[in-house]
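Since the structure of chain Y is already known, use the hints to place chain W on it.
Protein chains: 2
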Amino acid sequence: MTDLPKNTDLPSYCQAVAAAAKEASYQLALLDTEAKNRWLEASADQLLASSDMILEANQKDLTAAPSYGLTDASIDRLRLDVQRLEGIASALREIVALPDPIGEVIEGFTRPGGLQIQKTRVPLGVVFFIYESRPNVTADAAAICVKSGNAVILRGGKEAMHSSQAIVDVLRMTAETEGLPAAAVQLVSTTDREAVGHFLQMDGQVDVTIPRGGEGLIRRVASEATMPVIKHYDGNCHVYVDLAADVEMAANIIENSKCQRMGVCNACESLLIHDGIAELALPVISERLHTHGIEKRADDKAAPHIQGSVAASPEDWGAEYLGTKISVAVVDSLEAAAKHINRYGSGHTDAIVTNSLQSANRFTQLVDSSAVMVNASTRFNDGGMFGLGAEIGISTDKFHARGPCGLRELTTYKYIVNGQGQIRE
Amino acid sequence: MTDLPKNTDLPSYCQAVAAAAKEASYQLALLDTEAKNRWLEASADQLLASSDMILEANQKDLTAAPSYGLTDASIDRLRLDVQRLEGIASALREIVALPDPIGEVIEGFTRPGGLQIQKTRVPLGVVFFIYESRPNVTADAAAICVKSGNAVILRGGKEAMHSSQAIVDVLRMTAETEGLPAAAVQLVSTTDREAVGHFLQMDGQVDVTIPRGGEGLIRRVASEATMPVIKHYDGNCHVYVDLAADVEMAANIIENSKCQRMGVCNACESLLIHDGIAELALPVISERLHTHGIEKRADDKAAPHIQGSVAASPEDWGAEYLGTKISVAVVDSLEAAAKHINRYGSGHTDAIVTNSLQSANRFTQLVDSSAVMVNASTRFNDGGMFGLGAEIGISTDKFHARGPCGLRELTTYKYIVNGQGQIRE
Numbered sequence: 018m019t020d021l022p023k024n025t026d027l028p029s030y031c032q033a034v035a036a037a038a039k040e041a042s043y044q045l046a047l048l049d050t051e052a053k054n055r056w057l058e059a060s061a062d063q064l065l066a067s068s069d070m071i072l073e074a075n076q077k078d079l080t081a082a083p084s085y086g087l088t089d090a091s092i093d094r095l096r097l098d099v100q101r102l103e104g105i106a107s108a109l110r111e112i113v114a115l116p117d118p119i120g121e122v123i124e125g126f127t128r129p130g131g132l133q134i135q136k137t138r139v140p141l142g143v144v145f146f147i148y149e150s151r152p153n154v155t156a157d158a159a160a161i162c163v164k165s166g167n168a169v170i171l172r173g174g175k176e177a178m179h180s181s182q183a184i185v186d187v188l189r190m191t192a193e194t195e196g197l198p199a200a201a202v203q204l205v206s207t208t209d210r211e212a213v214g215h216f217l218q219m220d221g222q223v224d225v226t227i228p229r230g231g232e233g234l235i236r237r238v239a240s241e242a243t244m245p246v247i248k249h250y251d252g253n254c255h256v257y258v259d260l261a262a263d264v265e266m267a268a269n270i271i272e273n274s275k276c277q278r279m280g281v282c283n284a285c286e287s288l289l290i291h292d293g294i295a296e297l298a299l300p301v302i303s304e305r306l307h308t309h310g311i312e313k314r315a316d317d318k319a320a321p322h323i324q325g326s327v328a329a330s331p332e333d334w335g336a337e338y339l340g341t342k343i344s345v346a347v348v349d350s351l352e353a354a355a356k357h358i359n360r361y362g363s364g365h366t367d368a369i370v371t372n373s374l375q376s377a378n379r380f381t382q383l384v385d386s387s388a389v390m391v392n393a394s395t396r397f398n399d400g401g402m403f404g405l406g407a408e409i410g411i412s413t414d415k416f417h418a419r420g421p422c423g424l425r426e427l428t429t430y431k432y433i434v435n436g437q438g439q440i441r442e
Numbered sequence: 018m019t020d021l022p023k024n025t026d027l028p029s030y031c032q033a034v035a036a037a038a039k040e041a042s043y044q045l046a047l048l049d050t051e052a053k054n055r056w057l058e059a060s061a062d063q064l065l066a067s068s069d070m071i072l073e074a075n076q077k078d079l080t081a082a083p084s085y086g087l088t089d090a091s092i093d094r095l096r097l098d099v100q101r102l103e104g105i106a107s108a109l110r111e112i113v114a115l116p117d118p119i120g121e122v123i124e125g126f127t128r129p130g131g132l133q134i135q136k137t138r139v140p141l142g143v144v145f146f147i148y149e150s151r152p153n154v155t156a157d158a159a160a161i162c163v164k165s166g167n168a169v170i171l172r173g174g175k176e177a178m179h180s181s182q183a184i185v186d187v188l189r190m191t192a193e194t195e196g197l198p199a200a201a202v203q204l205v206s207t208t209d210r211e212a213v214g215h216f217l218q219m220d221g222q223v224d225v226t227i228p229r230g231g232e233g234l235i236r237r238v239a240s241e242a243t244m245p246v247i248k249h250y251d252g253n254c255h256v257y258v259d260l261a262a263d264v265e266m267a268a269n270i271i272e273n274s275k276c277q278r279m280g281v282c283n284a285c286e287s288l289l290i291h292d293g294i295a296e297l298a299l300p301v302i303s304e305r306l307h308t309h310g311i312e313k314r315a316d317d318k319a320a321p322h323i324q325g326s327v328a329a330s331p332e333d334w335g336a337e338y339l340g341t342k343i344s345v346a347v348v349d350s351l352e353a354a355a356k357h358i359n360r361y362g363s364g365h366t367d368a369i370v371t372n373s374l375q376s377a378n379r380f381t382q383l384v385d386s387s388a389v390m391v392n393a394s395t396r397f398n399d400g401g402m403f404g405l406g407a408e409i410g411i412s413t414d415k416f417h418a419r420g421p422c423g424l425r426e427l428t429t430y431k432y433i434v435n436g437q438g439q440i441r442e
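The listed protein sequences correspond, in order, to chains Y and W.
Under the working numbering, the first residue of the first sequence carries the number 18, and numbering increases by one thereafter.
Under the working numbering, the first residue of the second sequence carries the number 18, and numbering increases by one thereafter.
Chain Y extracted, bound-state conformation:
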């Protein structure tokens, strides 16, 4: 599985995979919703029916895991059992229930002269998806891509190769029984890192690349890719406590944004507070964070109000800690908060706590991020929480898709123009 097909060099292999995906994408674009849903249902059934085979493959990955130096947490995420397979199967069934974006007429109008113009939603084509070593993501990503009419080339982490291959085998088998092209779902069958580089050169054949993983990987992909990329580098999310904030609400929202789950991109890393409320609110907030063992990296104005704070250094303002630290700065206005956020933030998720309608409106206008929350935890910026259903990633770019990316974000549109022989004067 980590070997290429015999007598094939790496560039030819990657080229063949991409060509098969492109060909499959043309067929997928024609499928009706029912055919795609039948495949999802059959795949859910077959993943459970094939549990012995999949768990056996998973065991090979688990056996090899120590040689990759995986942490216990990573090994736990890699591990499959019957219950987790049932989770994967139900995730596929949830995608059945999501509306099919393809064929939606986004706009339609008739021009003077009688041309009927329809802006119609169509698939992007071929998605190249690079992801971490989690077998459940293999099934999820394939389901999201195919339901939105795209062929997908999966490049999973090598630590989950056997598990992912077993899952993909099932998905391809059910594709064939349900009349979908098997090349709708392909797993790159080599762990050679150069393979990624080859796919990234295939603008025109690969329509979008979606990398998930560490910032280094994502920067490499963004810099090498010749096609568009859906990505986010990091999440330095802010909560700004306005002069007109309710202190208890502020403490709740900061506690939840920072501590509910620390290792995620929509966790709060930076606290900004208006200097008119700092003296009152900071002790309450910092006490709350203290119960979770959070280290407060404070500026000169915040420090006096925070017991046991550490002096912030300039690097703290841009830091994504993904752990038990938070930066704290006092600002003298909402505008200064917004400016700080636009300068140091990631354009991911930023929140204001306020009871002032003016402040809420001004903050949501000024802050240039994918999601701006008013009196709500940053942790809500998530496809599931937004009701998009499954999500394949989150984008902090402004182009094409911003924020959580679900089925619709994997589509584009074409203009279909119906005439009766019209020519241009």
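No wet-lab data here; the hints were simulated from the structure.
The list treats identical chains as interchangeable, and a pair is accepted whether it falls inside one copy or across any two copies.
Within a straight-line C-alpha distance of at most 27 Å, the following computed DSSO-like cross-link-like pairs (lysine-lysine) qualify:
hint, residue 1, residue 2
1, 39, 356
2, 175, 77
3, 136, 39
4, 356, 136
5, 175, 39
6, 318, 356
This is chain W only, laid out in the frame that chain Y set:
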């Protein structure tokens, strides 16, 4: 004007221009429609009031034109007079009448738990626009960008530098009198080609680059740019004559698509015809093209039905002639036509002539282009013809914007989430 400000090196100059644009973009994002429209109206008035100054600047460009080796046609496009200035002013007034895309709530819904989510249209931020030597484009592009809430950095052709600078001086003066930041519109004040390279490295400061001009320029921009690019390389547009076509309609549409204006990206360059109708239709069509002096580059099956055809070479299928040539191939099915188009076409505009509803539906599904026309000239793929109003370019990419790009295509969205203290369980 072709000199940098004193004591400034090129990278610092470009950096300062981009920083000023970014700062202006934050202010523009807050403007209401009326403020932007007042600026457009004042600019239209002031361009006419400043006609002496602008025509004098234009005269400098015209005097220098022979030294740039401009053709007579290019010199004509460069030339301004009072009537053309009136045309520029009315184009600005037409943009006043277009709906402002900013602030549109694209979707809004309330989640279980009470979070109110609004997907709201906002500007992209800073547009870097590279364009040919046409003074009217300077005003048009600035108006489109600012009306959609974006700051623009204009990089015009050196041949029109004096004219463009005079126009931009007016636009900046009216910006200041109408309360807009002057840096909303900046013209790069050096013709140094390296300046373009500096701006293309400024991902995060420049939000999108839009290059117009020759394919070489656009390929250079696409390859160097670190931010998204809205572009099209070329337009190898096809007309496919289906078995069920009306021959007279086919001849009309091909004549119009090929000959109404030859040097444009939505002109037809390739004719495909079903072999069941080739014998009947090709003589009629080729006779019609003959009256316009079009050379027919035909394949072996088409040639017998076309008087005076020339044998097509493999390069003809991908060629954008922009002149008096057309390639002609006979195909044995609609599917073969679609396959040919997806392989050799530009994804720009492709048309079918048919009276069969099935053929129309199948063709529009199979052909992967920004616009697919049924029984209408390819020449209709145009922002004006589609009723988008002003257009800043056309995109053959699938990402973000496809087809004609007007005000709305220069926007993105952000999620604004209103809560009442919600935290995530």
